[in-house]
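Peer 1: Build the full structure now, drawing on both the sequences and the hints.
2 protein chains.
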Amino acid sequence: MDYMIGVDLGTTSTKAVLFDDKNQVIATVNKGYQLYRDSSDMAEEDLNEIFEAFIDALGDIVRSANLKADDKITAVSFSSAMHSLIAFDKDWQPLTRVITWADTRAVKYTEELKKSGLGQEIYAKTGTPIHPMAPLSKLLWLKAEHSDIYNNAAHYLGIKEYLFHRLFNVNKMDISIASGTGLFNIFDLDWDEQALAVTGLQKEQLPQPVEPYEYETSMVHEYATVIGIPDDTPFVYGAGDGPLSNLGVNAVKPGVAAITIGTSGAIRVVSDKPVIDPKGRTFTYALDKDHWVVGGPVNNGGDVFRWARDNMFDAEKSTAALLGTDAYDLMTQIASRVPAGSEGLIFHPYLGGERAPIWDANARGSFFGLNHSHTRAHMLRSVLEGITFNVYMVSLALEEVVGGLTSIQATGGFARSPLWRQMFADIFEQPVTVPEAFESGALAAVIVAQKALGKIDDLYDIEQYIGSSNTYQPKPENFEAYRELAPIFIRLSRQLQTEYENIANYQRKHAK
Amino acid sequence: MDYMIGVDLGTTSTKAVLFDDKNQVIATVNKGYQLYRDSSDMAEEDLNEIFEAFIDALGDIVRSANLKADDKITAVSFSSAMHSLIAFDKDWQPLTRVITWADTRAVKYTEELKKSGLGQEIYAKTGTPIHPMAPLSKLLWLKAEHSDIYNNAAHYLGIKEYLFHRLFNVNKMDISIASGTGLFNIFDLDWDEQALAVTGLQKEQLPQPVEPYEYETSMVHEYATVIGIPDDTPFVYGAGDGPLSNLGVNAVKPGVAAITIGTSGAIRVVSDKPVIDPKGRTFTYALDKDHWVVGGPVNNGGDVFRWARDNMFDAEKSTAALLGTDAYDLMTQIASRVPAGSEGLIFHPYLGGERAPIWDANARGSFFGLNHSHTRAHMLRSVLEGITFNVYMVSLALEEVVGGLTSIQATGGFARSPLWRQMFADIFEQPVTVPEAFESGALAAVIVAQKALGKIDDLYDIEQYIGSSNTYQPKPENFEAYRELAPIFIRLSRQLQTEYENIANYQRKHAK
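These protein sequence lines map, in sequence, to chains A and B. Our numbering puts the first sequence at residues 1 to 512. Our numbering puts the second sequence at residues 1 to 512.
Since the hints were derived computationally from the structure, they do not count as laboratory data. Mixed in with the good hints there might be a few duds.
In this list, chains with the same sequence are indistinguishable; a pair is considered to hold if it fits within one copy or across any two.
With a cut-off of at most 25 Å between alpha-carbon atoms, the simulated DSS-like pairs for lysine-lysine come out as follows [stated by the list, open to error]:
hint: 1; residue 1: 115; residue 2: 172
hint: 2; residue 1: 451; residue 2: 31
hint: 3; residue 1: 512; residue 2: 475
hint: 4; residue 1: 475; residue 2: 509
hint: 5; residue 1: 125; residue 2: 68
hint: 6; residue 1: 143; residue 2: 455
hint: 7; residue 1: 455; residue 2: 279
hint: 8; residue 1: 172; residue 2: 90
hint: 9; residue 1: 203; residue 2: 289
hint: 10; residue 1: 114; residue 2: 253
hint: 11; residue 1: 90; residue 2: 509
Small disclaimer: the values here were computed from a predicted structure and weren't measured.
Peer 2: Structure below.
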C-alpha cells in the first residue's frame with residue numbers, strides 16, 4: 001500500500017496525518033509546544049522545541065503505519081502557519097526564536113507605515129494587510145529596536161522553511177507562504193522591490209520562491225533514520241494553512257466561505273484573480289500561480305477560549321482531569337445551559353489585538369452588560385459568542401469585496417463542538433456544513449503532493465474525498481436574540497476603539 | 001452601669017451594638033437576612049425575616065450585657081437603610097415585601113418624570129434625585145403595574161417604621177428617613193403637596209414626620225419579654241444611615257468627606273443649610289432640623305465584591321471555608337499581589353445600575369482592556385479599583401456643589417481592608433483616616449439618643465469618642481498609575497453609556 005503524510009504545522013502544535021491511497025485518514029499524531037508570551041505583546045516559539053515536536057510526530061506516525069515490505073510513504077507534504085519570522089546569521093545560526101503571527105511588538109512601525117501612506121501602496125501589491133503579524137512589520141521593528149540582530153542577520157525564514165533548511169540544507173519558500181510576508185508581489189509572484197527597499201533587505205537574504213508543488217528528495221541521513229523513512233522520500237513544500245484550508249474543505253465555489261477557528265481564525269473565499277480591498281480590510285494570498293484566496297484573519301479564536309479556561313475555569317479544568325474528560329467539553333456543557341445571547345452579556349474577544357475586521361493591534365478584550373444575575377456560565381457563553389460575532393463582522397466586510405456569501409464550510413477546533421457550530425449557523429443565519437474529513441489542512445497538503453508527483457491533474461479532485469454529513473440550520477429562537485445583539489456588539493466595538501490605544505500604551509508602559 | 005444600644009438596620013443584616021456609659025463598644029451582634037433578587041432588577045427583603053433578625057439581635061445583645069440589678073439599658077436608638085417601601089392595607093396587613101433602595105423596577109417611570117421636567121421641579125424641593133431607588137418612583141411603578149396593590153394600600157412605611165409600628169403600634173417616620181422618600185420637602189420639613197399629587201397619595205397614607213430625637217416607651221409586652229428589657233425602655237427614632245454616617249465619623253467640618261462602602265456606598269459632607277445641585281447629581285437629606293447632609297450615593301460597593309466572590313472566586317470561597325478564614329480576606333490577599341492599576345484592566349462596577357455619578361438605572365458592569373496576561377487576580381483587583389474610581393467620580397461632582405474636599409473619613413466594610421483603604425488614598429490623592437470606632441452608625445444613633453434624653457446638648461460631642469489612629473497617605477508609586485487610568489475610566493463611562501439602555505432593554509426582554 002502507498003501512504004502519504006500531511007503535516008499541519010500550527011502555532012501551538014504540529015500534527016502529522018497518515019492517509020492511505022484512497023485519501024482516508026489512517027492515523028494522526030499531535031505534538032504540542034509552548035507559545036512564549038513573556039509579555040502580552042510577545043508570542044514566540046522555540047526552534048528546537050518545534051523541530052523535536054516535528055521529528056517526534058513524523059516518527060510516531062511512520063511507526064504507527066507499521067509498514068510492510070511492499071508498503072511505502074510516497075510523499076510528505078505541508079500545510080503551515082503563516083507570517084512567522086526567524087533571523088539567521090551568515091553561518092545559519094539562529095538569532096531569534098520563531099516570532100509568530102500573534103506577536104504584536106511591531107505595532108508602532110505599522111502605524112508609521114500606515115500614516116505615511118506607504119502602507120497602502122505596498123498592500124496594493126502584496127495583498128498582505130499592514131499589521132504587526134507580517135514579517136514586513138517585524139523587520140522594521142528589528143531594524144529599529146534590535147539593530148544587533150538586524151545587522152547580523154544574513155538570512156530570514158519562516159517556520160516551514162526552517163524545517164526544510166534543517167532537513168535538506170535548502171533555502172526555499174513556497175509562493176503561498178511568501179505572499180503572507182508582506183514582501184511578495186502577488187501579481188508578479190516575486191519579492192517586491194519597494195517592500196524590500198522599505199525594510200532595507202537584499203533579495204539574497206530571502207529564500208527562493210517556489211511553487212507549492214516543488215519537492216526535495218535528499219534528506220540529511222540521520223534525520224531520515226530517526227523518522228524511519230528512506231532519505232529520498234519526496235517532501236513537498238505545500239502551502240500556507242489559510243489558502244490550503246479552502247481547498248481542504250471544498251470551499252472553492254463563489255459564495256462558499258470557509259471558516260476556521262483554531263488558535264486564531266479566518267473566513268476565506270477562493271478567487272481566480274488577485275482582488276484587493278480598497279479599504280485594506282482583507283488579505284489576498286496566492287495558493288498557486290492560478291488561484292488566490294481572499295479573506296479576513298482574526299487573532300482571537302481558540303486562544304481566547306483557552307484564556308477563559310486557564311483563568312476563569314481553572315477549577316473545572318481540575319475537575320475535568322479527575323473525570324478523565326476534556327476541560328473544553330465540560331465548559332461547552334456549562335455554556336450550553338445559558339440561552340443564546342447570554343442574557344445580554346457581550347464579550348469583545350480582542351485579548352491579542354485584532355486583525356480583521358478592525359485591524360487594531362491595540363485592541364483589547366471586554367465584557368459589557370454585566371448584572372447581578374450573570375454567572376461564570378454567562379461569561380463563558382459570551383466568550384464563545386463574542387468570538388463568533390467578531391467573525392460575523394469580518395464576513396460583512398468580505399461581502400463588500402467578493403460579493404454575497406451563501407453558505408459556510410466550518411473547520412478547526414470549534415467545528416468539533418455542536419454548540420459552537422449551531423452558534424455560527426444562528427449568528428450568520430446561514431447553513432453551516434462540517435466536512436466529514438476533519439483533517440482538511442493535511443488532506444489539502446496531500447492533494448498538493450499528488451499533483452506535484454503527477455498523480456492527479458486538478459486540485460479540485462479533492463471534492464470526492466470530502467463528505468458533508470453534518471449541516472446545521474439556523475434556529476429562529478436563537479437567531480432572533482442574536483439579531484438584537486449584533487448591532488450593539490458592532491456599535492460598541494466602535495465606541496471601545498476610541499480607548500484602545502490609550503489602554504494599550506498604559507499596558508506597555510506598566511508591563512512587569 | 002447604664003448602657004445604650006445602637007441598632008444599624010442594613011440591607012442584608014441588622015447589627016445591634018452595646019455601648020457603655022463612656023460610649024465604648026462592649027459587644028456587637030449581627031443577624032443576616034436574604035436580599036431577594038428573583039430578577040436582576042428586583043431587590044426585596046422579607047418582613048418576617050427582618051423582624052426576627054432584629055428581635056434576635058436585640059435579645060442576644062441584651063443577654064450578652066449580662067445585666068446586674070443596678071444595670072440598665074437606658075435607650076435603644078437607630079441608624080437605618082433609607083429609601084425602602086412597604087405597602088399595607090387598611091388593616092395593616094402587608095401587601096408587599098420590603099422593596100429596597102437597590103430595586104430598579106421603577107426605572108421607566110423615573111425616565112418619564114425626568115423627561116416631563118416634573119422630576120427636576122420635585123427634586124429642587126425634596127433633595128432626592130429622581131431615581132428608581134426612591135419611594136416616589138416605586139409608588140409610580142406600583143400605580144402603573146400593580147394597581148391591585150396600589151388601590152388597596154392604605155399605609156406606606158419603610159423598614160424602620162415597620163419595626164416601630166410592630167413594636168409600639170405607632171405610625172411615625174423621622175425627618176431624615178422621610179427626606180429620602182422623594183415625597184418630603186426639605187425646606188418646609190413636611191410632606192410635599194406636589195410630590196403627593198404626582199403619586200396620587202393622600203397625606204394620611206404616610207406616617208407622621210418626627211424629629212430623630214422623638215422616642216417611644218410603651219412596647220408591646222410580649223416583644224419586650226422576648227428581648228429581655230422593660231416595656232418602657234426608650235426607643236429613639238434616630239435617622240437615616242447616610243446622614244448619621246457623617247456624624248458617626250466626625251466628618252462634619254467643611255472639606256471633610258465621609259466615604260462609606262458597605263453593600264452600597266456613598267460620599268457625603270455636612271451643610272448647615274439645604275443646598276441643591278442644579279445638575280441633579282447629588283442628594284440633600286435632613287439630619288435634623290438644623291443640619292443637612294449633601295452627597296452622592298453609589299449602588300455598587302460590597303455587593304459587587306460579593307458578586308465577584310460568588311461568581312468568580314467560588315473555588316476560593318470553598319478554600320477559605322476549609323482554612324477557617326474569611327473569603328474576602330483571601331481575595332484581598334490575592335488582589336494585593338497585582339500592581340496598582342491592574343496592569344491596565346478597567347472595571348465599571350454598575351452591576352445594579354448606578355445612582356451617582358451617572359444616575360443611570362440601565363447602567364451595567366464591564367471589564368475593559370483584557371489581554372492574555374490578565375488573570376483572575378487582575379480581574380479581582382480591577383473590581384476593587386472600579387468601585388473606588390466610581391466614588392472618585394462622585395467626589396468630582398460633589399466638589400462643584402459644596403467646594404473642595406481635603407480629607408476622607410472612611411467607614412463600612414471596605415475600611416476593614418488595608419488594601420482598599422490605601423487604594424482610596426491613592427486614587428483620591430488625599431489622606432484617608434479610619435475612625436477607631438468602627439461602629440460609627442450605631443455610635444451616632446446612640447449620640448442622638450443622648451441628645452433626645454437630655455444627656456448632652458450638642459451632637460458634636462461625639463468628637464471625643466472617635467479616635468483616628470489609622471491614617472493612610474497616598475503613595476506616589478500607586479497614584480501615578482491611577483492618574484493615568486482615571487481619565488480613561490471617566491471617558492469610557494461616557495462611551496459605554498450610549499449602549500446601556502439598549503442592553504438593559506435586551507436583558508429585561510430576555511430575562512428568564
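Peer 1: Does each hint hold? Answer for all of them.
Peer 2: Hint check results:
no. : hint      : verdict
1   : 115 - 172 : neither (33 Å within a copy, 70 Å between copies)
2   : 451 - 31  : neither (28 Å within a copy, 78 Å between copies)
3   : 512 - 475 : between (46 Å within a copy, 19 Å between copies)
4   : 475 - 509 : between (46 Å within a copy, 19 Å between copies)
5   : 125 - 68  : neither (50 Å within a copy, 96 Å between copies)
6   : 143 - 455 : neither (45 Å within a copy, 81 Å between copies)
7   : 455 - 279 : neither (41 Å within a copy, 79 Å between copies)
8   : 172 - 90  : within (16 Å within a copy, 92 Å between copies)
9   : 203 - 289 : within (20 Å within a copy, 87 Å between copies)
10  : 114 - 253 : neither (33 Å within a copy, 57 Å between copies)
11  : 90 - 509  : neither (35 Å within a copy, 66 Å between copies)
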